[in-house]
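Residue numbers (my numbering), protein chains in the order written: chain A, 8 to 474; chain B, 8 to 474; chain C, 8 to 474; chain D, 8 to 474.
By construction, these hints were calculated from the structure, which means they are not laboratory data. In this text the structure is predicted, and so the values were computed from the model without any measurement. Any given hint might turn out to be false.
If several chains are the same, the list does not tell them apart, and a pair holds so long as it fits within one copy or across any two.
Stated by the list, open to error - Taking lysine to aspartate or glutamate and the DMTMM-like style, the derived pairs with C-alpha atoms no more than 25 Å apart in a straight line are:
| # | residue 1 | residue 2 |
| --- | --- | --- |
| 1 | K398 | D362 |
| 2 | K359 | E409 |
| 3 | K190 | D135 |
| 4 | K190 | E441 |
| 5 | K129 | E187 |
| 6 | K216 | E183 |
| 7 | K190 | D98 |
| 8 | K357 | D18 |
| 9 | K190 | E131 |
| 10 | K216 | E365 |
| 11 | K190 | D334 |
| 12 | K216 | D440 |
Number of protein chains: 4
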Amino acid sequence: MSLLDPLFRWDALDGLFTDRARVQGMLDFEAALARAEARLGVIPKSAVAPIASKCRAGLVDMPALASAAARAGNLAIPMVKQLTELVAMDDSEAARYVHWGATSQDAIDTGFVLQLRPALEKFEAELDRFADSLARLAKKHRATPVAARTWMQQALPTTFGFIVAGWLDALLRNQERLHEVGKRAIVLQFGGAAGTLAALEERGIEVAKALGKELNLPVPEVSWHSHRDRAAEVATALGLCTGTLGKIARDISLHTQTEIAEIFEPAGEGRGGSSTLPHKRNPVTCAVVLAAGIRVPGLVSTMLSAMVQEEERGLGGWHAEWETMPDLIGIAGGALHHLADTIPGLEVDKAKMRDNLEITHGLIYSEAVQMALAGAMGRGAAHEHVQAAGKLAVEEHRHLREVIKSDAEIAKHLSAKEIGRLFNPKEYLGVADELIDRVLQAHASRKPKSVDKEAADPHGVRRKKRR
Amino acid sequence: MSLLDPLFRWDALDGLFTDRARVQGMLDFEAALARAEARLGVIPKSAVAPIASKCRAGLVDMPALASAAARAGNLAIPMVKQLTELVAMDDSEAARYVHWGATSQDAIDTGFVLQLRPALEKFEAELDRFADSLARLAKKHRATPVAARTWMQQALPTTFGFIVAGWLDALLRNQERLHEVGKRAIVLQFGGAAGTLAALEERGIEVAKALGKELNLPVPEVSWHSHRDRAAEVATALGLCTGTLGKIARDISLHTQTEIAEIFEPAGEGRGGSSTLPHKRNPVTCAVVLAAGIRVPGLVSTMLSAMVQEEERGLGGWHAEWETMPDLIGIAGGALHHLADTIPGLEVDKAKMRDNLEITHGLIYSEAVQMALAGAMGRGAAHEHVQAAGKLAVEEHRHLREVIKSDAEIAKHLSAKEIGRLFNPKEYLGVADELIDRVLQAHASRKPKSVDKEAADPHGVRRKKRR
Amino acid sequence: MSLLDPLFRWDALDGLFTDRARVQGMLDFEAALARAEARLGVIPKSAVAPIASKCRAGLVDMPALASAAARAGNLAIPMVKQLTELVAMDDSEAARYVHWGATSQDAIDTGFVLQLRPALEKFEAELDRFADSLARLAKKHRATPVAARTWMQQALPTTFGFIVAGWLDALLRNQERLHEVGKRAIVLQFGGAAGTLAALEERGIEVAKALGKELNLPVPEVSWHSHRDRAAEVATALGLCTGTLGKIARDISLHTQTEIAEIFEPAGEGRGGSSTLPHKRNPVTCAVVLAAGIRVPGLVSTMLSAMVQEEERGLGGWHAEWETMPDLIGIAGGALHHLADTIPGLEVDKAKMRDNLEITHGLIYSEAVQMALAGAMGRGAAHEHVQAAGKLAVEEHRHLREVIKSDAEIAKHLSAKEIGRLFNPKEYLGVADELIDRVLQAHASRKPKSVDKEAADPHGVRRKKRR
Amino acid sequence: MSLLDPLFRWDALDGLFTDRARVQGMLDFEAALARAEARLGVIPKSAVAPIASKCRAGLVDMPALASAAARAGNLAIPMVKQLTELVAMDDSEAARYVHWGATSQDAIDTGFVLQLRPALEKFEAELDRFADSLARLAKKHRATPVAARTWMQQALPTTFGFIVAGWLDALLRNQERLHEVGKRAIVLQFGGAAGTLAALEERGIEVAKALGKELNLPVPEVSWHSHRDRAAEVATALGLCTGTLGKIARDISLHTQTEIAEIFEPAGEGRGGSSTLPHKRNPVTCAVVLAAGIRVPGLVSTMLSAMVQEEERGLGGWHAEWETMPDLIGIAGGALHHLADTIPGLEVDKAKMRDNLEITHGLIYSEAVQMALAGAMGRGAAHEHVQAAGKLAVEEHRHLREVIKSDAEIAKHLSAKEIGRLFNPKEYLGVADELIDRVLQAHASRKPKSVDKEAADPHGVRRKKRR
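Using the sequences and the hints given, assemble the complete structure.
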C-alpha cells in the first residue's frame with residue numbers, strides 16, 4: 008500500500024492487483040492446466056498434486072523473479088522456471104509437465120483475467136450500491152426546487168431529485184455496459200506459442216475446454232494473443248464510467264462553492280480540513296473523482312494505442328498493458344468507491360437552494376413568463392418582450408415580477424394572479440416528476456436482470472463465486 | 008472536400024458530416040417537432056406546413072449563421088432565428104410556433120444523432136463486407152504455411168488462413184459492440200432548457216413520444232444534456248474498431264517488407280508509387296490505417312475528458328464534441344473503408360511464405376522438436392537440449408535437423424523418419440484448422456442476428472431506412 | 008471556411024492552413040529549389056523561370072491532385088507530376104529539372120514549415136497583445152479586494168490584480184517557450200530519399216545551404232525525415248499554452264456564475280444569448296477556450312505517439328501529422344485569439360467582489376486572526392482556537408468578529424481595535440502588491456528580448472518577413 | 008520495488024520517488040523554512056533545531072499519515088500535524104513555529120521539485136552517456152552500407168553510421184530541451200494560502216528569498232499554485248524524449264527481425280529467451296522502450312488536461328499530478344536507461360546488411376540509375392524509363408543491372424563501366440559522411456555548454472550537487 012492509496016484507491020480492490028496476486032493468477036492458470044491435462048490423459052495424473060501444491064505465490068522468490076523478468080521480458084518465463092524447479096525438488100517426473108503445451112502469454116493473460124473477474128464483480132456490486140443510494144436521494148428530493156444551471160448560469164427552476172435522477176440514469180447505462188463488456192473480456196487465453204496449440208497436437212481444443220471448465224472461464228473461438236480489444240474494451244467501459252462519476256463530482260463541487268452552498272460532502276473528523284484555513288470544509292471526494300476524470304482518459308488512449316500489435320505477439324503494445332490496466336482499474340475503482348461512499352451522507356441545504364432561486368430577482372422565471380405569453384404573442388415576440396423586461400429589471404434593480412406586472416401589453420394577456428403563479432418554482436417543473444419515475448422504474452427493473460445474468464452464465468462462474 | 012479526404016476518409020460518409028448536413032439535421036428536428044406538436048394539438052395544425060417547408064438547409068444563410076454562432080456560442084440559436092424569420096415571411100402566425108418548447112441542445116444533439124444513424128449503418132454494412140472478405144481469405148489460405156512471428160521474430164509455423172481468422176474473430180467482436188452501442192446512442196434528445204420539458208407543461212412526455220415517432224428515434228428515460236456517455240461510447244467503440252484495423256494493417260505492413268515480401272496491397276495505376284524510387288510499391292492503405300490507429304485514441308480521450316460537464320449544460324465539454332465526433336468518425340471510417348477495400352485484392356505470395364520458413368535453418372521447428380522430446384525427457388530438459396542444439400546449429404551454420412540427427416541422446420527417443428517429419432510446417436499446426444472453423448462458424452452464425460436486430464428494434468427505425 | 012470556424016478558430020490563421028496554402032508551401036519549396044540549384048550550376052539557369060512561374064497553387068488541378076494523392080499516399084508525388092507537366096507545356100527542357108534531387112517529404116515538410124512560420128509569428132504577436140492587456144488589467148485592479156478560492160471554497164482575501172498577475176506570469180513563460188520552440192522547428196527539411204542527398208552527389212550540403220538562404224530557413228545538421236520531435240515540440244508548446252488559456256477561462260467562468268457574478272465577458276449584440284432563456288449572458292469565450300483545453304491534450308498525445316516512426320520514413324506516423332498539426336494550431340489559435348480579444352472588455356464588478364467577501368460572515372479572515380494569535384499562542388493552538396470560534400460562528404449564525412471579540416482568552420492577546428483591523432481585506436494582502444510588480448517588471452523586461460530575438464536570428468528570417 | 012520495476016524502470020531513480028522520498032521532500036521544505044525564517048528573525052532562532060531535527064521521514068507514522076491524507080485530501084496537512092506533535096514532545100515552544108506562514112501546497116510542490124531536481128540531473132547525465140555511445144557507434148559504422156527503408160520498403164543505400172547520426176541528432180535536441188525545461192521547473196513554490204504570503208505580512212518576499220537560498224532553488228516572480236505549466240512542461244519534454252527513444256527502438260526492432268537480422272540487442276544469460284521457443288532472442292529492450300512510447304503520450308495528455316485548474320488551488324487537476332508525474336518519470340527514465348544500456352553492446356551484422364542490399368536484385372539502385380540518366384533525359388523521362396526497366400527486371404527475374412545494360416536507349420547515355428559503378432552502394436551515399444560529421448561536431452560542441460550551464464546557474468544549485 009502506498010501513501011496515496013487510501014486517498015485515491017478502493018481498499019476492496021487492494022488485494023486483487025498486488026504483485027502477489029499477479030503471480031497467483033499465473034499460478035492458478037498453471038495448476039488448472041495440469042489438472043485439465045491430467046483429466047484428459049495428456050499428462051500423467053500423478054503430476055497434478057506435485058505441480059498444484061507448488062502453485063502458491065508464497066513459494067515464489069519474488070526478487071529473483073523480478074530480476075529475471077527484466078532479462079526475459081516477461082514474468083511468466085522465469086516464473087515457470089521457478090515453478091518447475093520447485094516441483095522438481097519433490098518430484099522430477101512431475102516437473103516435466105509443468106506449463107505443458109502453453110506459452111507465457113497464456114499464463115499472463117489468463118492470470119490477468121482471473122484478477123479482473125473479481126474486480127469487475129466488485130465494480131458491479133458497488134455500482135448497484137451507488138445506484139440504490141441515488142434512487143433514494145432522487146425520491147427524497149423529487150420536490151426540492153433548485154436552480155437549473157446551463158453554461159454555469161442560472162437558467163430556470165428544476166428539482167434536486169431530477170438532477171439526481173439524471174445521475175442515476177447515466178449510471179444505469181454504465182452498469183449495462185460493464186455487464187456486456189465482462190462477457191467479452193472474462194474468457195480464457197490459451198493458444199500456445201502461435202495460437203494454434205501446436206504443442207498439444209490434435210488435442211488442443213479439448214484441453215482448452217477442460218481448462219476453461221477448471222477456471223470457470225468461457226473458451227473463446229480462438230486465442231487473442233495480439234488482438235487486445237478484450238482488455239481495451241474494459242478500459243473504455245471504465246473510462247465511460249469514470250466520465251459519469253466525474254460529471255457527478257463536477258456537479259457536487261459546483262453546488263458546494265461558498266457562494267452557492269447547496270450541497271456538501273459529509274463532515275467528519277479531519278475531513279477536508281485546511282492547514283491554514285480553519286473554517287474550510289473541502290470537497291475531498293470531488294477532488295479525487297475529478298482527478299480520476301482527468302487521469303483515466305489518458306490511460307484509455309494508451310490501451311487503444313497499444314492495440315496496434317505486431318503479428319502473433321506484440322512488441323511493446325502488450326507490455327504497455329501490464330501496468331496500465333491495474334492503474335486504470337485502481338483509479339476508476341477509487342473514484343467509484345469514494346463517490347458511492349459519499350452520496351448517502353451528502354448534506355442538502357434545501358433552504359439555501361430556495362434562496363438561490365431568488366438571486367436573479369425573478370429572471371430565472373423568464374422562460375416561464377415567455378411561454379405563458381408565447382401562445383398569445385408568438386415565441387419570438389414573447390422572447391423579445393421578456394428580454395426587454397429583464398433588461399429593465401436589471402437596470403432598475405427591480406424584481407422581474409414587478410416589471411411584468413406594470414407592463415400594459417402583458418396585462419392584456421396575464422392577470423396579476425397568473426403572474427404571481429409564474430414566479431413559483433413548483434409551477435414550472437414540467438414533467439420532472441414523471442421523468443424521475445421513468446428513471447426509478449428503469450432502475451427497479453434492472454434488478455431482475457441479475458437473475459438473467461446468472462442464467463446467461465452457463466459456466467456458473469459468477470454464481471459459484473458468490474456462494 | 009479537402010485535398011486529403013480521398014486519402015484518409017470514406018466518400019460514402021462524405022455527405023453525412025458536412026456543414027449542410029449538420030444544419031439539415033437540426034432542421035429535421037424542427038420540422039418533426041412541429042408535426043408532432045400539431046398532431047397532439049400543442050400547436051396549431053396550420054403551423055406545420057409553413058414551418059416544415061422552410062426546414063431545408065438550402066434556405067439558410069450559412070455565412071450569417073456562422074458568424075452569429077460565434078456570438079451565440081452555438082448554431083441552434085441563430086438557426087432558429089433564421090428559420091423563424093423565414094417562416095414569418097410567409098406566415099407570421101406559424102412563426103410563433105417554431106422550436107416550440109425545445110432548447111438549442113435538443114436541436115443540436117438530435118440533429119447529430121440523425122447524422123450518426125446513417126453513419127453507423129454504413130459502418131455496420133462495411134464491417135459485414137469486410138468480414139465476408141476475411142472469411143473468404145481465411146478459407147482460401149487455411150492450409151498455406153507461414154511463419155508465426157512473436158516479438159517480431161520467427162517463432163513456429165502457422166497458416167496464413169489462421170492469421171486471417173484471428174483478424175476476423177476480432178472484427179466480429181467489433182460488429183457486436185457497434186451494434187450494442189447503436190442501441191444506446193441512437194436516441195432522441197428532448198428535454199427543453201433544463202431537461203424537465205417545463206415549457207410544454209404537463210404534455211412533455213407525450214410530445215417527446217410523438218417526436219420520437221416522427222424521427223424514428225427511441226425516447227430515452229430522460230434527456231441526456233450533460234450526460235454524454237451516449238456519444239462518448241460511440242467514440243470508444245470506433246476507437247476499439249480502429250485499434251483492430253490498425254493491428255491488421257500493422258501485420259500487413261510487416262509482411263510486405265522487402266525482406267519478407269509475403270503479402271502486398273493490390274497494385275494499381277499510381278498506387279504507392281514513390282517520386283524518386285521508381286521500383287517501390289508502398290503500402291498506402293496500411294499507412295492510412297496506421298495513421299488512424301495513432302489519431303483515434305487521442306480523439307477518444309478527448310470525448311472521455313469532455314464528459315465531465317457542468318450541471319444542466321456543459322461549458323466547453325459539450326462544445327468539444329462538435330468537431331471531434333465528425334473527425335473521429337471520418338478517420339475511423341476512412342480506415343475501415345480503405346482496409347475493407349484492400350483485402351479482396353491482397354496479393355499473397357505462398358512460395359515466399361514457404362521460403363521464409365527456411366530462413367532459420369530449422370530453428371523455427373525447435374518447439375516441435377522440443378515437444379516431441381518432452382514426453383520422454385521432460386519439458387525442462389527437452390528445452391535445454393533443443394536450445395543447445397539450436398546454438399550449435401547457429402554457430403556451425405548447420406540446419407537444426409542435421410544437428411538433431413547427429414545427437415546420440417536424441418537418437419534414443421526419435422527415429423530419423425520422425426525427425427524428418429518434425430521439420431515439415433504442416434506437421435506442426437496443432438488445431439489451426441478447427442480453430443479457423445470455429446471463427447468461420449461464428450461469422451456465419453452472426454448473419455441471422457441481423458434479423459434479431461430488427462426484432463429488437465420496436466420503432467422499426469433501421470428497417471424503414473433499408474427499404 | 009466551415010460553419011464552426013468563426014466560433015472556434017482565429018481568422019488571422021485562416022489563410023495559412025487551407026488546401027491552397029498547403030500546396031503553395033510545397034510549390035514555394037520547388038521554386039526555391041530550382042533557384043538555389045541554378046545559382047550553383049546544379050541545374051541550368053534557364054530552367055528557373057519556367058519552373059518558378061508555374062509554382063502557383065492556382066495552376067494546380069486540385070481534384071486531380073486529391074484523387075492521385077489517395078493512390079500515391081502523399082500530395083507531393085502527384086503535385087510534382089502536375090508541376091512537371093505544367094512546366095513541360097512551355098519548356099520541356101526545364102521540366103527535366105523540376106524537384107531535382109529532392110524527395111516528396113522534403114517538399115511536404117518544408118512546405119509545412121513555411122505555413123508554420125507565419126502562424127507562430129501570429130501566435131507570438133497575439134501573446135504580446137494578450138500579455139499587454141493582462142498587464143493593464145493587473146495594474147488597474149491591483150487594489151481591488153476579492154476572495155481567493157481554494158478547493159472552490161473561499162479561503163482568504165486577495166486582489167483581482169494579483170489573480171491577473173498570476174495569469175500574466177504563466178503567459179510570459181508560454182511566450183518564452185514558443186520562442187525557443189520556433190528556433191528548433193522552423194528549419195529546412197532537405198535530405199533526398201534517404202537523407203543523404205545522394206541524388207545531388209557531392210553537392211548536397213551546398214544546395215541545402217543555398218536552399219535555406221532562398222527560403223530564409225536555417226539548415227539543420229541533418230534532415231529529420233523520421234525524427235519528428237521538431238513538429239511534436241510545437242504541439243507540446245501549444246498544448247502548454249492552451250492549458251494556461253484554459254486555466255484563465257476556468258477562472259473567468261467560475262467568477263461569472265450567477266451566484267458569484269464578479270466578472271463578465273463583454274456584452275454585445277447576440278453575444279451569449281440563449282434561445283429559451285432571455286435573461287442569460289453566457290460566457291461564450293470561456294466555452295470556446297475550455298473546449299480547446301479539452302481537445303488539445305488529445306492532439307498532443309497523437310503527435311507524441313506518432314513520433315515512433317519507422318526507419319527512414321514513417322508508415323502512418325508521418326501521415327498522422329498532416330491533419331493533426333493544422334487542427335491543433337487552429338484550435339489553440341482560436342482559443343488564444345478569442346481570449347485575448349475578450350480580456351480588454353472584461354467587466355469587473357468590484358462591489359460584488361467586496362460583497363462576496365462578506366458571505367462567510369468573517370470566516371474568510373480566519374487565517375488572519377489565527378496568524379495574529381499564533382505568535383502568542385503558537386500556530387497549533389491558534390488554529391484550534393480559531394477553528395472552534397468559527398464553528399461557534401456558524402452554529403449561532405454570528406459574525407466571526409463578534410465571536411472573537413467575546414472570547415476571553417483572545418482578549419488577552421488582541422484589542423478590540425486590532426480585531427477590527429483583522430476583518431478588513433486590505434489588511435491581509437501580504438506582499439501581493441510587490442508580487443504584482445515583480446510580474447509586471449518581468450513583462451516589461453521581456454520587450455527588449457524581441458530585439459535579442461532578431462540578433463539571435465542570423466538568417467534574418469523573421470526580420471525580413473516583418474519589413 | 009514492484010515485480011515489474013526492473014523490467015520497466017531505472018534503478019537509479021528508484022529512491023527518488025518512493026513514499027519516503029515524497030515525505031522527505033516536504034520535510035526538507037519545512038526544515039529549510041524554519042531555518043530561513045529564524046535567520047530573518049521571523050521566528051525564534053531557538054525553534055530551528057527542535058524543528059529541523061524532526062524533519063526526517065523515518066520519524067513519520069506512515070500508515071497514520073496515509074489514512075489521514077485520505078480525509079484531508081492531501082499529505083501535507085496531516086504531515087504538518089505529525090511534525091508539530093513530534094516537535095512539541097521535545098519543545099512545545101518551537102512547535103508553534105512549524106510550517107510558519109506556509110500552505111500545504113508550498114510543501115507538496117516544493118517537495119516534488121526537490122525530488123525532481125536529482126531526477127532531471129540523472130536524465131541529463133544518462134542522455135550524455137547515451138549520446139556518447141551513439142557518437143561512437145556512428146563513427147564506427149560511418150562507412151557500413153545498409154539499405155535505407157522508407158514506407159518499410161528498401162529504398163536506396165545509406166550507411167548504418169548515418170542512421171545512428173540521425174538518432175544522435177534527435178537526442179541532442181532532447182538534451183537542449185530538457186536543460187531549458189529544468190530552468191523553468193526547478194524553482195521554489197512558496198505563496199501561502201492564496202499566493203500573497205499574507206501570513207508573513209510584509210516580510211513574504213524576504214522569507215521566500217531566504218528559503219530559496221536554503222534549498223538552492225530560484226525564487227520565481229510569483230507562486231504558481233494553480234498555474235501548472237512548470238510541471239506539465241517537464242512532462243512534455245520527457246514525452247518528446249520518449250518519442251525519440253521509441254523511434255530508435257522501432258528501428259532496432261525492425262532491423263532485428265529474423266528476415267532482416269542486421270542488428271541485435273546484446274545477448275546475455277536469460278536475456279530475451281522464450282518459454283517455448285528455445286532458439287529465440289527477443290529484443291526485450293525494444294519492447295520496454297516501445298511500451299514507454301505508447302504509455303507516455305497518454306500521461307502527457309493527462310498533465311495537459313490537468314492544467315485547467317480552478318482559481319487559487321485546483322480541485323482534481325492538482326491531485327491528478329501527484330501519481331502521474333512519478334509514473335511518467337519512471338517510465339521515461341526506464342526507457343532511457345535501458346536503451347542507453349543496450350546501445351554499447353548492440354551487435355551489428357555488416358555482412359547481413361550487405362546481403363540485404365542485394366535482395367531487390369538491383370532495384371534499390373533505381374534512383375542512382377535514374378539520376379545518372381536524368382541529366383540527359385530529364386527527371387520525368389528517366390523516372391519512367393527506370394520504372395519500366397524495374398518492372399521488366401521483376402517480371403523476368405533479372406537483375407536490374409542486366410536489364411539496364413541491355414537497354415539500347417540507356418546505352419546512349421551510360422557506358423557499361425558507368426552502369427557497373429551505379430550498382431555499388433558506396434557510390435550512392437551522397438554527403439552522408441559530411442552530414443555525420445555535422446552531427447558529431449554538434450555533439451562535441453555541446454560539451455562546453457555544460458560549463459555555460461553552470462555559469463547560467465547563479466544559485467549554484469546544480470554545481471553544488473555535483474561536488
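For each hint, the structure was consulted:
With identical chains, the CA atoms of K398 and D362 are at most 25 Å apart both within one copy (22 Å) and between copies (22 Å). Within a single copy, K359 and E409 get their C-alpha atoms as close as 23 Å, and across copies as close as 23 Å, so both meet the 25 Å cut-off. Proximity of K190 to D135 under the C-alpha cut-off of 25 Å is found in both arrangements, the shortest distances being 18 Å within a copy and 22 Å between copies. Proximity of K190 and E441 under a CA criterion of 25 Å is satisfied inter-copy only: 23 Å between copies versus 34 Å inside one chain copy.
For the homomeric pair K129 and E187, the shortest alpha-carbon distances inside one copy (15 Å) and between copies (23 Å) are both at most 25 Å. For a Cα distance limit of 25 Å, the shortest separation of K216 from E183 across copies, 23 Å, qualifies, whereas the shortest one inside one copy, 28 Å, does not. Taking the shortest alpha-carbon separations for K190 and D98, neither the intra-copy value of 39 Å nor the inter-copy value of 56 Å comes in at or below 25 Å. Taking the closest pair of Cα atoms, K357 and D18 never come within 25 Å of each other, the shortest separation being 34 Å inside a single copy and 47 Å across copies.
For the identical chains of this complex, K190 and E131 are neighbours both inside a copy (13 Å) and across copies (21 Å), given an alpha-carbon limit of 25 Å. For the identical chains of this complex, K216 and E365 are neighbours neither inside a copy (67 Å) nor across copies (34 Å), given an alpha-carbon limit of 25 Å. For the identical chains of this complex, K190 and D334 are intra-copy neighbours only, at 22 Å inside a copy versus 30 Å across copies, given an alpha-carbon limit of 25 Å. In this homomeric assembly, K216 and D440 come within 25 Å of each other (Cα to Cα) only across copies, at 17 Å, whereas the closest approach inside a single copy is 52 Å.
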